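Chemist: Here is how the chains run, residue by residue.
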Amino acid sequence: MTTDLRPVGIAGVGVAAPSLRLAAGEVGRAWGTGGGRATLAVCDADEDTLTLAWLAAERALEAAGKTPAQVSGLWWGTTRPPFAEGPSHPFLAAALGLGGDVAGGLSAGSPHAGMEALVAAWDALAAGHADVALVVTSDALVPGLGTAGETATGAGAGALVLIAFSPSESNGSGPPARLVDRATRALPVVDRVRGDAEAGTGDVYDARLFREEVYLPLVADVGAAIGGPPDRWALADPDGKLAAAAGRRLGGSLVSGEVRSALGDTGAAAGLLGAAGALDTPGSLGIVGYGGGRATAVAVEVQRPVPGAADVAGRLAGGEPTSYTHLLRARGQLEAQTDPIPMGLPPGGAAFVRGNAEMLSLEGARCRACGTVSTPPSVHPHCIACGGADLEVVSLVRRGTIQTFVVNQTMPPPFQAPLPLVVLDLEDGARLMVQGVPADAPEMAVGDQVFLTLRRYALERGIPVYGYKALRAGAAAEAGGPSGGPSARVQEVAK
Amino acid sequence: MSWNKVAVVGAGLIKMGELFDQSYEQMAAGAYSAALAGVDRGAPEIDAAIVATQRGSLWGQEGIGGNTVPSAIGLSGIPCTRVENACPSGSDAFRIGAMVVASGVHDVVLVIGVEKMRDKSTQEGLLARAAAGHPLYNRGETAPVLFAPFATRHMHEFGTTPEMLASVAVKNHHNGCLDPYAHFQSEVTIEQVLASPLVCSPLRLLDCCPQTDGAAAVILTSADRAGEFTDRPVYVAGFGVATDHPYLHEKSTYVGLPATTLASSRAYEMAGIGPADVDMAEVHDCFTITEILDIEDLGFVEKGKGGPASLEGETALDGRIPVNPSGGLLAKGHPIGATGLAQITECFWQLREEAGERQVAVRNGIALQHNVGGRGSGVSVVNILTRNR
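Taken in sequence, the protein lines are chains A and B. According to my numbering, the first sequence holds residues 1 to 495 in order. According to my numbering, the second sequence holds residues 1 to 389 in order.
Hints are supplied without guarantee of correctness; some may be wrong.
Stated by the list, open to error - Here chain B is said to cover these stretches of chain A; the calculated rule only asks that three of the stretch's residues, wherever they fall, bring their Cβ under 8 angstroms from a Cβ of chain B:
1. 375 to 381
2. 457 to 467
Claimed, not checked - Covered stretches of chain A, as calculated for chain B (at least 3 residues, CB under 8 angstroms):
3. 266 to 272
4. 352 to 366
5. 398 to 409
Simulated from the structure, these hints should not be mistaken for lab results. Small disclaimer: the values here were computed from a predicted structure and weren't measured. Each residue gets a CB set at the ideal place from its N, CA and C atoms; glycine is no exception.
Extracted from the complex, chain B is given alone in its bound form (with noise of 0.2 angstroms):
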């Protein structure tokens, strides 16, 4: 059965993008009022926040802390903790939200992700990671780096090919352009990821997310308090953490990322569910091989068939099993910190069936939210939603 103590009542987040024009305090203020603007009926009290900011040194701020946001959204004095725990650092604030209302110390509990990528030049931002890690060890390694080697294993292991891997591309930009918050807003055909540069072989320019400012936020207070807010409010059915060993070298497997697969035989215990059951997920797909490792990895697919399957249209909106609707990091965008509950928005308005022209076929109320990062995917985050109480 599922755990359902906590309910999400607002979510909401801004339009994503190089944000050059907002400071990370406005990307803030603005996900906030989105979140508030999104609760059916009255003006929730908030009595604490977790704010998720991943990496503060990427827009030249190494001391982002809890207070930052509650002043800059009108709430200074409440308590608030920011949360890092990498690519996961969204989805692991969500779940740790849901475990303090459920702990009955806070009531109404902001959820708030804000991430600023791009104030930095492209070459001081996430690809300085080059230059990041063991002084020796990890010369070169820049964040492309990190799933490359999975796609040419599972290359070589299961016959994977270019062109599965574009599907992946295809189809998330495809959702992108009916998702208004997303960063692109443009096709692209599998010969144009083909032909775009190459960034870290195998992957291409079009293989890969965009760095993207951003921010989102979701409301949660306790299943039964719900009601005060929505008549339609969207329960957390379970969730689960895993870490991993953090360095490439270090992985038991390079055809999957187990911290996904612990992560989400935890969760899905805690749901009482199982894959089968889910009707949409938003997963991490920084780079197109990692959605297909986490589509095997999260048991929609058997191991070794991600690629087929993302080229046949199983993860398509009108799939089998509907993946990234949202345009996923690969169009929406990956500002760190806000990715994971820009993905519970995404579940959240899906379950309600508020995504107009992406929404997908809700047949169980039940949706999958995934994240999976820190250096060589050492830790990953499942959230379930569900709309059945």
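Looking at chain A on its own, in the form it has when it is part of the complex (with noise of 0.2 angstroms):
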């Protein structure tokens, strides 16, 4: 590296997993094979790779102290976004809250992703085309029916918070952590693949042929080629035992055993969840991830414990329990002959051209007269108590209680009950009426404590369409939304 690149360390990391967990035997069961022991972490109707990795990064910035207004790119790994062509990157920034102006990219394609946006954010660090970036790295992939995939592939996301500082900044000072080394290697090969009209990914070829031939060769040869070398690895794991295998030729210890054994193949976050437990404890740590004839590294030197890696542990327990039936549903494999009713509106058009940005960066217009807050903006150009007119949008807190409640039991497709509906009191003192989740419904009550988390609405025509649904409390606080960081976060939109 050139003396003119400037240093780059880890400020915050944040983790998410989808609110199920399905038994790998219950695909088994249904195909009339093995299945195997592993459980899988998936997402529910409402989750996917783009809520996954909102949540991860609202929970990194958290950990990182920093606001949105100091992030100066995004840059997102996904095998597969939630629009194969179309605006993903900007649903996720404005989510996250980022101004229309941020930096970044998304990188997707092949579980390698995730390790190319980590990449690509380090050298815009470095190059001084950005101070502070979100990588964010998530993958829901959709397996073929009936593929071993079926039983390996499970869901999550994982972010860091990178910052440039300066070489003078002594270990005391600088962040807790550094990226120090990096090493690519790639070979033309097909394995897993998916083609443009497919719903689900295919298998690789001959699993003995992939291993020997390619994923140990890959990550060995890219592995031995960073760092020290480094004692920790985090390894992606397509199966669940390559990983050991890769492990026991590169030497020192494996830390993404417990990952990946809570929530199956991560795809694209394989690396950074794997290694994100890991950045709570001082020494060096090699980050390899694998996709697509892809193998990437990069070693990290920890310093101090990093901000949010205590909480990893715990950001990714629990989940709820869930059917291979329940399972194919949510991912659209299995479906009612029945049309479902048609949003009023095609998510294409006008309505939520205002719609999208509105509640994605769920806005309210504040009354500068009387201080009441009317929401959405769009269909409030006068104040909902005073009258007035003089209104400045501003983003909301996603905290609040519950003023009143019902649970929805009876809806036309795609909807599917228990839907509870909650109109809550946020603590900045605007109203809202979102959805909640299914999970809640039976504890519901009036003054229950509640956060917005994104969530998936529906996909609609073909189109995910996104906005908030409220969590209660204890819900949120295993797996569903931020731990309260957010709230902190009261600012004018620049209009």
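Mind docking these for me? Both chains are given alone in their own frames, and the hints should help you get the complex.
Modeler: Following this line, the structure appears as structure tokens:
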């Protein structure tokens, strides 16, 4: 590296897991195969790679003590972004409260995308194009029906806040962990693929061939090329056994095994998710991501515990057990012949141009005369309390209490009962009505504390539609929402 | 003193129900005939009509206009305007009809409400509201969601119980058994209501009104000309309409509907009466909780006491203030544009003491009719009728 480049370190880490857990044996029972004993973290119908990415990124920002306004770039790596073509990056950026001028990029196309995002952010910071970067890696892949991938594919997200710092900063004053080395290797081989028209990802041609000729050579080679070598490793692990084999070749200890066992193969997120907990302990750490015939290794020197790393195990624990049939419905692989009732408006239409921005950024219109917040701004040119028209758009707090609620049991598809609908009083005085989640329905009560978390409201005419849902505080602490950091974020949105 | 410039001289409706065998036009013709048949003498020549149809899209017709009904009832050529004002569409059409007559522009005005609710499947009808409104903020908002949050909060603040809600359904189903025009003609018990499936907690199936096809009509003329058609006219004593914020999260309270309070205070003032003067009321009971809110907001009982009052029979046919003797929306049905006019028809019959088995005691000769609706109860209309000149 040239001396012109700035050193880059890690200021905070955040992780997220989806709300459901599937025993892989359920898959085996459906297909008459073994299935294995793995536990897989899987998405409910209202979760996907974007909602997981958002949650991990919110937690990383909170841990790092950074506000969205301080973030100059967002690098997101996910095998399969929510829009195959479309506004994936700006949707995530808007939900995170990042400005429209945020730099960065979206890496996709294979599980290697996570490492591509990390390295790209590092480059931009080192070169001086950004000072604080958010790196988000996430995946919620849909494996092909009946493939071995069904008993291995999990979901999750890991995010880092990276900062550039001055070489003169001592270990005590710089970031708690530093990125120190990297290497990449590639082979033009076909492993897991999905064609344009296919819903699920296909399997590798032959597991032995993949292990002996692709994964182990690449990962061992790229790992050997970094650092001094690192004494701990977080390795992408497509089948749950490969990382252990690669770890033996590399020497040192494998730290990614627990997360792999808890969540399954998290694809593009596997590297950062596997490494996140180890950022709590000083020492050297090698992170290796693999996918699509490429492997990239990044060496990290942890000097002090990275904020957020101590929370990793708790964030990934829990999850509601689910059935294979529920999962197939959630993934859209099991659909009723009956057509769902379409939304009144197409998601590409003008109402969504207005609606998406104010929902993702959670905007309200605050009256300069009386202070009342009217939500959402697009339908409130005048204050609901005093009728005044002198309003400023503000970003709302994502925490509040339940004023009243219902649990809807009778809705046309694609809605699934029980669906709580919650009128809530946000801590900044604004009031909203949003959906809750089924798991909260039985215990919900007036006065409950709730957090708002990003969820996929619908896949409408093939287009994902996002918005916030209310999670009861107890559930939010486990798996649903950020733990309150965003509530500090009350600021005017630049108009 | 009451306004009393306009009189109802005829009123009628068709049997409510799932009228798969009748078109919109046939229902309109049936209601018009019924209203004409309700005129004691003479054949009023209709100068103009106002039609209330809330939502043609519920049955696949986006473009119902003022011209559809005159043609269907053999009066093509007369002036006719369609009124849409959410669930109070029919009662607001009545109010506007009264103002038209009072203005002197038209002498005899037909106000007719017609609504087809069941031509489309249930899922494509009102349930599809789950997909309407702000594209993102109103996901999952079916019709019961517009009222059930008030039940949750009313229970929380006042200790209102599911049994109290159920007692409204029991009463109105009982009254419906005495009304040959009602959609439902069967008794229900509190136990049956509490055992019916949850639709939108805390509301169960029997807490909800059905989806009903129907039509109703009234004939209005000036108080001075009423004697040409009947010796027993019913006068429009007063009316009030009020709006509130349309979305549920914008309400100033979740234990009442401020639009109702405001509309009724205007109507009481215009009629020169108070709630204690009312002999009977037809109120908007789209859900059991709605009737409990109504009787509080209209001033018949103290705020918070609507549940116990219902359970204790204060609103029964022989109670202190009989409410919904026709069976209400819960039993008679809620064909939206027709609902208000069917309620007016019941008030007309009750004040003339023609209501048969469900006749209530008429002491002061005053009846009140009420609707509320419009997403999160953003509009309410109250009409007050009297047999006293």
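Chemist: For every hint, state whether the structure bears it out.
Modeler: How the hints compare with the structure:
A count of 4 residues in the segment 375 to 381 of chain A with a Cβ less than 8 angstroms from any Cβ of chain B is obtained; the coverage claim is therefore met, three being the minimum. Coverage of the segment 457 to 467 of chain A by chain B holds [criterion: at least 3 residues with CB-CB distance below 8 angstroms; count 4]. Counting residues of the segment 266 to 272 of chain A whose beta carbon lies closer than 8 angstroms to any beta carbon of chain B gives 0, which falls short of the minimum of three for the stated coverage. Requiring three or more residues with a Cβ within less than 8 angstroms of a Cβ of chain B, the coverage given for the segment 352 to 366 of chain A holds, as 4 such residues are present.
Remark: the segment 398 to 409 of chain A is confirmed as covered by chain B, as 7 of its residues place a Cβ nearer than 8 angstroms to a Cβ of that chain, reaching the required three.
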